[in-house]
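Numbering-wise (our numbering), the sequence shown opens with residue 28 and increments by one.
Derived from the structure by calculation, the hints contain no laboratory data. None of the values given here were measured: they were computed from a predicted structure. Some hints could be false.
Result set (PhoX-like, lysine-lysine): computed pairs, CA atoms no more than 25 Å apart in a straight line [said to hold, decoys possible]: (1) K46 x K189; (2) K210 x K101; (3) K272 x K313; (4) K264 x K222.
Cβ-Cβ distance ranges computed for the label pairs, FRET-style [said to hold, decoys possible]: (5) L52 x G138: 46 to 56 Å; (6) W173 x E40: 48 to 58 Å; (7) L52 x H169: 40 to 50 Å; (8) L52 x L102: 16 to 26 Å; (9) I42 x S269: 21 to 31 Å; (10) E87 x L171: 46 to 56 Å; (11) P83 x T224: 50 to 60 Å; (12) D68 x G138: 51 to 61 Å; (13) N96 x P130: 19 to 29 Å; (14) Q141 x E227: 16 to 26 Å; (15) S294 x L171: 38 to 48 Å; (16) S269 x S41: 28 to 38 Å; (17) E40 x Q141: 43 to 53 Å; (18) E265 x E227: 35 to 45 Å.
Glycine included, every Cβ here is placed at the ideal spot set by N, Cα and C.
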Amino acid sequence: MADPQKKVQFSEESIYKQKIAAFILEHYAIKATDISLHTLDYFIGKRFKELNKTFPEYYEYLIQNYHENGHEIKLLLDEITIQETYFFRDMGQFQALTEYVIPRLIELKRGKDQSLRIWSAGCSTGEEPYTIAMVLREYFPHILDWDILIRATDVNVFALQKARQGVYRKHSFRGVSDFIISKYFEQEKNMYSLKDTVKEMVSFDFFNLASDTFLPVGRGNKWDIIFCRNVLIYFHKERIKSLLKRFHSALSDSGYLFLGFSENIFSYSDDFESIHYENSFFYKKKSAAKIGEKKRSLSRRPKAEVKREKFKKCPFPNGAIRNPKAAEAIYEEKLKDILALFSLEKYEQAWNKIQHIKIVPSENLTEHLFIKV
28 MADPQKKVQF SEESIYKQKI AAFILEHYAI KATDISLHTL DYFIGKRFKE LNKTFPEYYE
88 YLIQNYHENG HEIKLLLDEI TIQETYFFRD MGQFQALTEY VIPRLIELKR GKDQSLRIWS
148 AGCSTGEEPY TIAMVLREYF PHILDWDILI RATDVNVFAL QKARQGVYRK HSFRGVSDFI
208 ISKYFEQEKN MYSLKDTVKE MVSFDFFNLA SDTFLPVGRG NKWDIIFCRN VLIYFHKERI
268 KSLLKRFHSA LSDSGYLFLG FSENIFSYSD DFESIHYENS FFYKKKSAAK IGEKKRSLSR
328 RPKAEVKREK FKKCPFPNGA IRNPKAAEAI YEEKLKDILA LFSLEKYEQA WNKIQHIKIV
388 PSENLTEHLF IKV
């Protein structure tokens, strides 16, 4: 015969784990997936025993800790947030940044406001913003005397600590050549320390994308470029809509938005136009006049929103960024992203991404990019 006391205890445990998952969703907009729920179960089970608390006591302790910005909530976020990233992740987007976006911004600002504002939102351990800094040093040394701001933010304080240190293992260099590593890093055994010339270009801050305000850039300026890659897939629909609206408001009139490979925004926002560049895509802020135009029918594929651009190419960077294993590493990373989408039950986005991995005619790419999700 089952122990009734054990049944009550299990019920209480389930209730409070769900309450904690709901709390995380409300305050950090992080959805509880199968993977994170398993992690959450393990973390809570371990912590309430270590702290000698009941489940109700631990829940109240966590809520209080949140309001006091305490250590416990930071530990929890560190457990459930994914920190999988590496330098020059999604090479196509950095090629677009180098060959298309930054040259246009430089031309627009030349002789006027010689500043460049870039925000890496959800920066994890810093590989993304440091890659942006390396792109600027490698390709645009003539603007290094501009007022350049690269601000990187994340909700995970432990990831931010690692980012500020700028010390990485070989795992962070998938697809990066020895040329780039030797130029921008100093190696000691199996660790690679970023040189100060790159580190000092990036500032890191704690910031919660679920909050109602956006990180200011100062002096009334707005962001020229926002990177927020592989973050939206973990947010619920209303939060995505809100976030995209605030991204639009935070960008300058000529601003650009880079999202993850599988993050299709056209089910959530009409405030951006997509630019397809080579084998990648990104978004440009629409003007107020364009937003005011009659909205397109959802049943019509938004071909008019896609610009196919060509720009004078340069070897990226110096023909030496990839090593022979780069294609394999990038392919494996895309497969991991597909599995993550399946775990989140985002089947159409997963299929969309599968289509991208295949070699398809360029005229069909728009179909794959704009499947309604």
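| task | Sort out whether K101 lies within 25 Å of K210, counting only the CA atoms. | result | This hinted pair is violated, its Cα atoms lying about 35 Å apart.
| field | 25 Å Cα cutoff - pair K272, K313 | value | holds (11 Å)
| Pairwise beta carbon distance, L52 to G138, judged against the given window 46 to 56 Å | holds (48 Å)
| query | CB of N96 to CB of P130, is that within 19 to 29 Å? | reply | violated (42 Å)
| request: Mind checking the hinted window 16 to 26 Å against the Cβ distance between Q141 and E227? | output: holds (19 Å)
| said: Assuming the hint says 28 to 38 Å, is it satisfied by the Cβ distance from S269 to S41 or not? | reply: Check passed, 30 Å falls within 28 to 38 Å.
| field | Satisfaction of hint between K189 and K46, Cα-Cα up to 25 Å | value | Violated. K46 to K189 sits at ~30 Å, over the 25 Å cutoff.
| Satisfaction of the hinted span 46 to 56 Å by the C-beta atoms belonging to E87 and L171 | holds (51 Å)
| Is 21 to 31 Å a correct range for the gap between the Cβ atoms of I42 and S269? | About 29 Å separates the Cβ atoms of I42 and S269, which means 21 to 31 Å holds.
| Regarding W173 and E40, is the given constraint of 48 to 58 Å on their beta-carbon distance met? | holds (56 Å)
| Distance restraint evaluation - S294, L171, Cβ atoms, bounds 38 to 48 Å | Between S294 and L171, where Cβ atoms are some 40 Å apart, the hint holds.
| request: Given the range 16 to 26 Å, decide if the beta-carbon distance of L52 to L102 lies inside it. | output: holds (18 Å)
Violated hints, in rising order: 1, 2, 4, 13 and 17; the structure is consistent with all others.
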